[in-house]
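Chemist: Taken in order, these protein sequences are the chains called R and Y.
Residue 0 is where the first sequence starts when you use numbering that gives the first Met the number 0, and the numbers rise one by one after that.
Residue 0 is where the second sequence starts when you use numbering that gives the first Met the number 0, and the numbers rise one by one after that.
Check each hint, because a few of them may be wrong.
Unchecked claim - Label pairs and their in silico Cβ distance ranges:
{"no.": "1", "chain 1": "R", "residue 1": "T206", "chain 2": "Y", "residue 2": "E175", "range": "47 to 53 Å"}
{"no.": "2", "chain 1": "R", "residue 1": "T206", "chain 2": "Y", "residue 2": "D64", "range": "39 to 45 Å"}
{"no.": "3", "chain 1": "R", "residue 1": "P157", "chain 2": "Y", "residue 2": "D64", "range": "48 to 54 Å"}
{"no.": "4", "chain 1": "Y", "residue 1": "E105", "chain 2": "R", "residue 2": "K224", "range": "19 to 25 Å"}
{"no.": "5", "chain 1": "Y", "residue 1": "E132", "chain 2": "R", "residue 2": "D188", "range": "31 to 37 Å"}
Unchecked claim - In silico DSS-like pairs for lysine-lysine, Cα to Cα no more than 25 Å straight-line:
{"no.": "6", "chain 1": "Y", "residue 1": "K67", "chain 2": "R", "residue 2": "K287"}
{"no.": "7", "chain 1": "R", "residue 1": "K291", "chain 2": "Y", "residue 2": "K83"}
{"no.": "8", "chain 1": "R", "residue 1": "K302", "chain 2": "Y", "residue 2": "K211"}
{"no.": "9", "chain 1": "Y", "residue 1": "K83", "chain 2": "Y", "residue 2": "K176"}
{"no.": "10", "chain 1": "R", "residue 1": "K226", "chain 2": "Y", "residue 2": "K67"}
{"no.": "11", "chain 1": "Y", "residue 1": "K176", "chain 2": "R", "residue 2": "K243"}
{"no.": "12", "chain 1": "R", "residue 1": "K246", "chain 2": "R", "residue 2": "K291"}
{"no.": "13", "chain 1": "Y", "residue 1": "K176", "chain 2": "R", "residue 2": "K291"}
{"no.": "14", "chain 1": "Y", "residue 1": "K67", "chain 2": "Y", "residue 2": "K91"}
{"no.": "15", "chain 1": "Y", "residue 1": "K176", "chain 2": "Y", "residue 2": "K165"}
{"no.": "16", "chain 1": "R", "residue 1": "K81", "chain 2": "R", "residue 2": "K1"}
{"no.": "17", "chain 1": "R", "residue 1": "K178", "chain 2": "R", "residue 2": "K296"}
{"no.": "18", "chain 1": "Y", "residue 1": "K211", "chain 2": "Y", "residue 2": "K176"}
{"no.": "19", "chain 1": "R", "residue 1": "K81", "chain 2": "R", "residue 2": "K160"}
{"no.": "20", "chain 1": "R", "residue 1": "K243", "chain 2": "R", "residue 2": "K204"}
{"no.": "21", "chain 1": "R", "residue 1": "K146", "chain 2": "R", "residue 2": "K178"}
{"no.": "22", "chain 1": "R", "residue 1": "K81", "chain 2": "R", "residue 2": "K178"}
{"no.": "23", "chain 1": "Y", "residue 1": "K176", "chain 2": "R", "residue 2": "K296"}
{"no.": "24", "chain 1": "R", "residue 1": "K226", "chain 2": "R", "residue 2": "K193"}
{"no.": "25", "chain 1": "Y", "residue 1": "K211", "chain 2": "Y", "residue 2": "K95"}
{"no.": "26", "chain 1": "Y", "residue 1": "K43", "chain 2": "Y", "residue 2": "K83"}
Don't read these hints as lab results, they were simulated from the structure.
Think of the CB as a built atom: it goes at the ideal place given N, C-alpha and C, for glycine as much as any other residue.
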Amino acid sequence: MKVFRVLKPGFFTTVQDLGRYGYLRYGVPISGAMDMFSLIVANLLVENNPNDACLEITLIGPELQALTKTQIAITGGAISPKINGQNVPMWQTLNIQEGDIISFGKMESGCRAYLSIRGGINTPLVLGSRSTFVRGGFGGMNGRQLKTGDIIEGFDSPSLKVEHKMPEMLVPQFTNHIKVHVIMGPQADMFTEKGINTLLSNWYKVTLEADRMGYRLEGPLIEHKAKADIVSDALLPGAIQVPKNGKPIIIMRDAQTTGGYPKIAVTITTDVSLLGQAKPSDIVEFSKITVKSACEKLREHYKLLNNLSEMFIRSR
Amino acid sequence: MKTGQHTPTRYLPFGDNALLIEFGDVISSEINRKVIALDEAIAKAEIQGIEELVPTYRSLLVRYDALKVSYEQLVFRIKNIETKLNKLSIEKAGRKIIIPVVYGGEYGPDLSHVAQYHRLTEEQVVELHSGREYRVYMLGFVAGFPYLGEVAEQISTPRLETPRLKVPAGSIGIAEKQTGIYPCEAPGGWRIMGRTPLRLFNPLQQPPSPLKPGDTVKFEPISEKEFKITEEAIIKGAYTPISKEQ
Chain R
0 MKVFRVLKPG
10 FFTTVQDLGR
20 YGYLRYGVPI
30 SGAMDMFSLI
40 VANLLVENNP
50 NDACLEITLI
60 GPELQALTKT
70 QIAITGGAIS
80 PKINGQNVPM
90 WQTLNIQEGD
100 IISFGKMESG
110 CRAYLSIRGG
120 INTPLVLGSR
130 STFVRGGFGG
140 MNGRQLKTGD
150 IIEGFDSPSL
160 KVEHKMPEML
170 VPQFTNHIKV
180 HVIMGPQADM
190 FTEKGINTLL
200 SNWYKVTLEA
210 DRMGYRLEGP
220 LIEHKAKADI
230 VSDALLPGAI
240 QVPKNGKPII
250 IMRDAQTTGG
260 YPKIAVTITT
270 DVSLLGQAKP
280 SDIVEFSKIT
290 VKSACEKLRE
300 HYKLLNNLSE
310 MFIRSR
Chain Y
0 MKTGQHTPTR
10 YLPFGDNALL
20 IEFGDVISSE
30 INRKVIALDE
40 AIAKAEIQGI
50 EELVPTYRSL
60 LVRYDALKVS
70 YEQLVFRIKN
80 IETKLNKLSI
90 EKAGRKIIIP
100 VVYGGEYGPD
110 LSHVAQYHRL
120 TEEQVVELHS
130 GREYRVYMLG
140 FVAGFPYLGE
150 VAEQISTPRL
160 ETPRLKVPAG
170 SIGIAEKQTG
180 IYPCEAPGGW
190 RIMGRTPLRL
200 FNPLQQPPSP
210 LKPGDTVKFE
220 PISEKEFKIT
230 EEAIIKGAYT
240 PISKEQ
């Protein structure tokens with residue numbers, strides 16, 4: 000079913016779901032939404048499965064023309080969505096009529112917004128996921144970002160009568176100062192105590208070299224004990240590697256799956272989504288946490304999503 | 000320090016959803032054999048909560064669902080498996096896969112440099128490169144890129160000072176003692192020796208790569224004409240890569 004025609008693609012708009020799992024051993028990154036939380040909520044607001052594919056909008060939104068009646072929701076960074084030029088709220092179900100034009104204003108906070116379509120976006124599954132991996136040229140819309148003239152297909156949905164709103168107090172407020180929790184290691188022992196304290200007690204700035212692969216950070220240099228190279232081992236989103244120059248790099252969702260720099264720490268799962276809303280010149284601050292406390296946070300996070308899902312379904 | 004044989008295995012948290020098992024910090028087939036043996040043994044044990052295993056040169060990453068299994072439980076279970084690894088499973092040979100290659104010319108623009116660098120003829124370099132079997136240590140860098148080792152000392156060559164912006168798909172390169180195959184066009188600094196018509200990565204196939212860590216690769220020199228015939232057969236879907244269980 001044709002749902003939207005792309006009139007303008009925006010700065011960098013891709014199809015993403017929760018990612019591609021099981022292929023790291025073949026060198027295939029996980030990909031998927033940079034901010035998983037916002038993608039899941041976008042799906043829940045239109046009663047989709049949490050893993051359904053959405054549009055991930057980066058900094059400048061696209062312009063879309065509806066080719067059918069549908070329902071959507073927009074979450075993530077505050078980007079002032081409009082239907083036929085009229086401002087509409089984020090974090091709630093929106094009704095779209097055939098011919099409606101959806102456009103966006105300035106990204107006022109955060110970096111990425113998510114647009115879900117009732118029923119989910121229909122692109123072919125590639126290695127079990129619809130996520131676009133641009134560098135590999137597969138997934139999503141033929142392995143690339145949207146371009147003018149693209150038609151976005153959706154699955155048929157049983158009804159267009161859902162109506163949900165994220166409770167105001169649960170809407171995340173994205174700021175340009177992002178505090179994340181990290182678990183030290185696996186190669187923290189390659190850094191001096193001073194080096195570790197440097198990471199944990201200073202602010203780091205996201206540089207212009209920041210995309211779906213990772214963020215290079217600027218700030219006080221982190222000291223290695225001796226060598227700054229390791230024989231390559233695996234990488235996962237959230238890992239913080241420090242090359243010889245002492246400047247940390249945060250690995251994100253489209254990064255290569257192996258790397259030869261030591262990893263001083265790894266961002267906890269729930270906070271990787273917060274990093275997904277970071278843009279150049281934002282500040283990142285790291286604090287350390289134990290594996291056990293990180294699991295508590297993860298449990299709370301899933302509980303919140305479960306509660307939301309139940310609340311929406313009960314309200315039908 | 001050569002083999003890291005006596006380095007004890009290290010179990011390290013990798014964030015809140017993965018465990019990294021380090022066997023050493025050197026490139027050695029002995030270490031990589033342990034990685035692959037443990038990878039296979041864990042997969043066989045079907046431990047609840049494990050989502051994915053990522054073998055690399057010298058470590059095994061275990062990605063897990065922290066709501067289904069705790070870090071401590073996982074370490075306990077895997078340590079138990081590790082102690083039971085026997086010589087047989089560690090020394091088990093993987094599959095052997097033949098990779099046809101056109102060496103030199105436009106297919107291998109750095110072959111002449113590698114020959115000059117080592118004061119060898121191009122033929123001698125080809126003989127040395129195709130004259131031995133290589134272990135697939137891991138896949139990484141770009142999807143489907145196999146890290147193979149180790150090349151003969153006589154042809155071990157440093158990377159290009161300025162990497163190329165585009166290396167064609169199928170290119171076979173050398174970087175120090177490693178050799179590898181570019182599955183798709185990518186930027187890269189490896190010294191390009193030749194090109195294979197085989198496709199090393201196809202996301203529409205299951206599995207997406209014909210090679211896996213632990214396999215053995217042997218390069219077979221072919222002519223430009225054979226390259227074109229094989230390439231055509233691959234496009235028509237009429238080519239099966241040669242592989243055999245050892």
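Chemist: With reference to the structure, classify each hint as holding or not holding.
Modeler: We went through each hint and held it up to the structure:
1. T206(R) - E175(Y): 47 to 53 Å: violated, 30 Å
2. T206(R) - D64(Y): 39 to 45 Å: Once the Cβ atoms are compared, 33 Å apart, the range 39 to 45 Å for D64(Y) and T206(R) is violated.
3. P157(R) - D64(Y): 48 to 54 Å: violated, 30 Å
4. E105(Y) - K224(R): 19 to 25 Å: Violated, since E105(Y) and K224(R) (Cβ atoms, about 46 Å apart) do not stay within the stated range.
5. E132(Y) - D188(R): 31 to 37 Å: Holds: the Cβ-Cβ distance is about 36 Å, inside 31 to 37 Å.
6. K67(Y) - K287(R): Answer holds: K67(Y) to K287(R) is near 23 Å, not above 25 Å.
7. K291(R) - K83(Y): violated, 28 Å
8. K302(R) - K211(Y): violated, 38 Å
9. K83(Y) - K176(Y): Roughly 32 Å between the alpha carbons, so the hint for K83(Y) and K176(Y) is violated.
10. K226(R) - K67(Y): At roughly 37 Å apart (the allowed maximum being 25 Å), K67(Y) and K226(R) break the hint.
11. K176(Y) - K243(R): Distance of about 22 Å is within 25 Å: holds.
12. K246(R) - K291(R): violated, 28 Å
13. K176(Y) - K291(R): Since the Cα atoms of K176(Y) and K291(R) sit roughly 41 Å apart, the hinted pair is violated (cutoff 25 Å).
14. K67(Y) - K91(Y): violated, 32 Å
15. K176(Y) - K165(Y): holds, 22 Å
16. K81(R) - K1(R): Holds, because 21 Å separates the two Cα atoms, which is no more than 25 Å.
17. K178(R) - K296(R): Within the cut-off at roughly 14 Å; holds.
18. K211(Y) - K176(Y): holds, 20 Å
19. K81(R) - K160(R): holds, 21 Å
20. K243(R) - K204(R): holds, 18 Å
21. K146(R) - K178(R): violated, 34 Å
22. K81(R) - K178(R): With a Cα-Cα distance of about 31 Å, the restraint between K81(R) and K178(R) is violated, given a limit of 25 Å.
23. K176(Y) - K296(R): violated, 44 Å
24. K226(R) - K193(R): holds, 16 Å
25. K211(Y) - K95(Y): With a Cα-Cα distance of about 11 Å, the restraint between K211(Y) and K95(Y) holds, given a limit of 25 Å.
26. K43(Y) - K83(Y): holds, 13 Å
Hint compliance for this structure: hints 1, 2, 3, 4, 7, 8, 9, 10, 12, 13, 14, 21, 22 and 23 are not met, and every other hint is.
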